[in-house]
Amino acid sequence: MRGHALTGGFFERPFTLGIVGWLAGMCCVVLGCGYSSNAGTLPSDGAQPATQARFISISDVFGALERPPVRFDHDRHTAALKTEGCKSCHRVLKSGDFSFAYSIAEGQNDGATLMNAYHDDCIGCHSKRATEGKKTGSVTCGGCHVVERQVRAHEYAPVMPDYYEVLRDTYHAECMTCHREPSKVAEDAGALDWKSFYLSHKKTEAEWPKLDFDYLVHDKHEKALEGKCELCHFIDPERMQTLREEGREPSGRDWVLDLDEENSLTERSTAHTRCINCHLRRAARNIDAGPIGCSKCHGGLERSIAELADVPRPKCEQKDLMLIQLDRGARSKSVAFNHKTHEARSRSCQQCHHQTLRPCRDCHTVEGAEEGGWITLAEAHHEVSSPLSCIGCHEIEKSKAECAGCHQLMPGGLVHAGCAGCHTGSLETLLSPEKVPSPEYLIMEGVEDKIEIKEIEKAYGPSKMPHLVIARKLTEVSNNSTLASSFHTEAMTVCRGCHHLGPLVARADTPPCVTCHTARDEPGSFTPTLLGAYHQQCLGCHRLMDPAGQKLPQTCTGCHEEKKSDQLAARLQE
Amino acid sequence: MTGDRRSFLRSMAGVGALTVLGGEEAGAAGSDIAADQLGVLVNCTVCVGCRVCEEACNAANEDLPRRPAGAFNDTSVFDHKRRMDSSTYTVVNLHHDPADPGTSTYAKIQCMHCLYPACVSACIVGALSREPDGPVVYDAAKCIGCRYCMAACPFQVPAYEYDNTLTPEVRKCTFCFEARLSKGEMPACVQSCPMQVMTFGRRTELLRLARKKMRKHPDRYVSHIYGETEVGGTSWMYLSGMSFEKIGLPKFGYHPVPGYTEPIQHALFKWFLPPLALCGSLGGVAWLMNSRKKRINAKSGEGKNDERG
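Taken in sequence, the protein lines are chains A and G. For the first sequence, the working numbering begins at 1 and goes up steadily by one. For the second sequence, the working numbering begins at 1 and goes up steadily by one.
A couple of the hints might just be wrong.
Claimed, not checked - Here are the in silico distance ranges between beta carbons for each label pair: (1) ALA306(A) - ALA71(G): 42 to 52 Å; (2) ASP85(G) - GLU562(A): 25 to 35 Å; (3) GLY368(A) - ASP85(G): 57 to 67 Å; (4) GLU246(A) - ALA99(G): 50 to 60 Å; (5) ALA99(G) - SER481(A): 26 to 36 Å; (6) ALA99(G) - HIS145(A): 40 to 50 Å.
Because the hints were derived from the structure by calculation, they are not lab data. Beta carbons are placed, not taken as given, at the ideal position from N, Cα and C, and that holds for glycine.
Same shape as in the complex, but just chain A (with noise of 0.2 Å):
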């Protein structure tokens, strides 16, 4: 069994059904105890489920209503049904439990289509039976419509369930968080109006982001659990009966979250029914129990990676280092892939392996696949656009502000001559990294720590680059990076943030800038001056790793002294 599918179909609803049909879900679950699963006829031992009966009409969904509001009383239904048993309102769900939510009435938040097919589904059932000769309801307006009385808040309040007192309890802790005055909240639980409780309390999904079930998360599931991943996860059908016929017994490899709408954990529905169940079912033995309220689970917390540097990984049987072979055939050699590195690199399995968890290649084939969405093997692994691939997510590692001063004149993506950085065909190098060495064993004898550069010096006085200090400070920035020291495989790489061409050798003569960047501007050449040069490597560096401003100088006179002369004229004097 997993999970409670019982009050699946009420959050299958539009949210601003929320409260009241998950109070009312709750009432079913009392319901739904007594049933056999897969029966969908009534309990025989005459222990009658107590229910109340229910406003129909009481929702927002609804607005201002023309008629007194239909109550609908359960309890004469199921009498009056008894043979034909509860699926003849509610859904059979595919693992054969029932949905408690009226099944015309799910996913409708259009109250005229809503009232359209109660009418349909109500008359049309009545007054069928009317004809075949059965004891049934009205038909007129009048017979369902009728004005009772003033309708009382406690009289559509749900019978509870056994958990009730979990449930209160936790809805009392987190209202009184805000609302500070337990007295009026706590009075009376049956009293509450739900319907304006509910609408001043509204939020639309954006305001309850969804819940980042990141391996922090993971990691007190596993530990509450005892490490039974079968609580959660599951098993493709198709997949055990391949294991029960060769005798092995499932592998963490093989329980995924289901992608089948039923049971994925990702739909909204499925996940409220199982999770808050479980929840709620743990509480009330007085376990330890996750939460129950919305905003413990959809608070918005997004921890970062560093939070999350000490909790452990789940383990699946993955390999820490692993090559991932190429098909045979294939020019390039297989790729050595540190997969422990990466997992401290990221948040959650999912990051990377979607929902499935499964290997890439088992969707991702080389010719592409229906249940990979056609997205290749060479895609899913190289195509830059997407955070998800390798490359993708490497750009974007690249463009963070400590890379993006270097990179910013390199060209992005996937480069013909970058493929052997990946594609070393053995474990050695991931064994290996080496650091880029410290800056004073590179730089040649002779070059001052802070360079002047005058040559173009017209308007502003000359500037004096702290070369040594951009070069220890880059080194720094390299040899910090898990990224950086894996790719910066040459001693001289991070020189090449500067030094972008020309060849460079340790303690040797580097060519001048402007060797290229010549001093004035050369006819039919697109080659920066060494003003454009300059300016553009040094301001553009210092712009987009330091965005605020604070710490390198972006203004002419961070760099310059300015000259007292007319500077316009001498600027424009050549």
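Based on these hints, arrange chain G on the given structure of chain A.
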């Protein structure tokens, strides 16, 4: 192959402009587009908003009013959008992306020096003209101040000296044609820019350069060169990381603006036949009316005589 086809089409367009006096050729505007047009490519992604181009423009164009020292260091001008007026040929604006609050782009605007300029087409005295290699220039001596050019310009560039009572002129960027281009120098703004946001050169080469830039950093640019085809093509072209509408460059089709108006104007006077036909038909109607009047008068005269008789 395409080059051949293009040059063939271009030569045909030139022949068409010469031979068809009526000027049905869309936006021929009396100018044949030379293959080596001059142009400027503005790469907005590099601009840092230092306003040195504005300062250099003011210094290079001596007919513009002088500004006090340090006037161009004021960055508070970016708080609101500016347009060119009679005292400025170019302005830099800061554009924020409403969809993405973190991003912003500086964009310089000036006369786009269209290949088929609407202002030249609209000018009834020929005060505005297009130089063969690109610059659209203004001759104050011919101008009568009708300001049709201001209404015609799709970019709303030309400004007018409303505060000059006696000798007002239309003002717009000159491409530094007389002051610098004719001496073999590049425009003042292009020359002065420390970030080299602008590249001056032959238009065809600039287009090639723009494509090269976009190929190298596809993530950095909107995949369009503004001015390549807009209103038939402009000499000043733009690259941007933000959509062009957001940086104040409106979306236009590839039809030159004069292409819409000139066929109508020219058709009205083709071979001078329509005016002749109009006058002829009006004269014919007048003659008919006149002779009918005479006839009626003559008849009514007879009738009166009968009654009396």
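Which numbered hints are broken by the structure, listed smallest first? none
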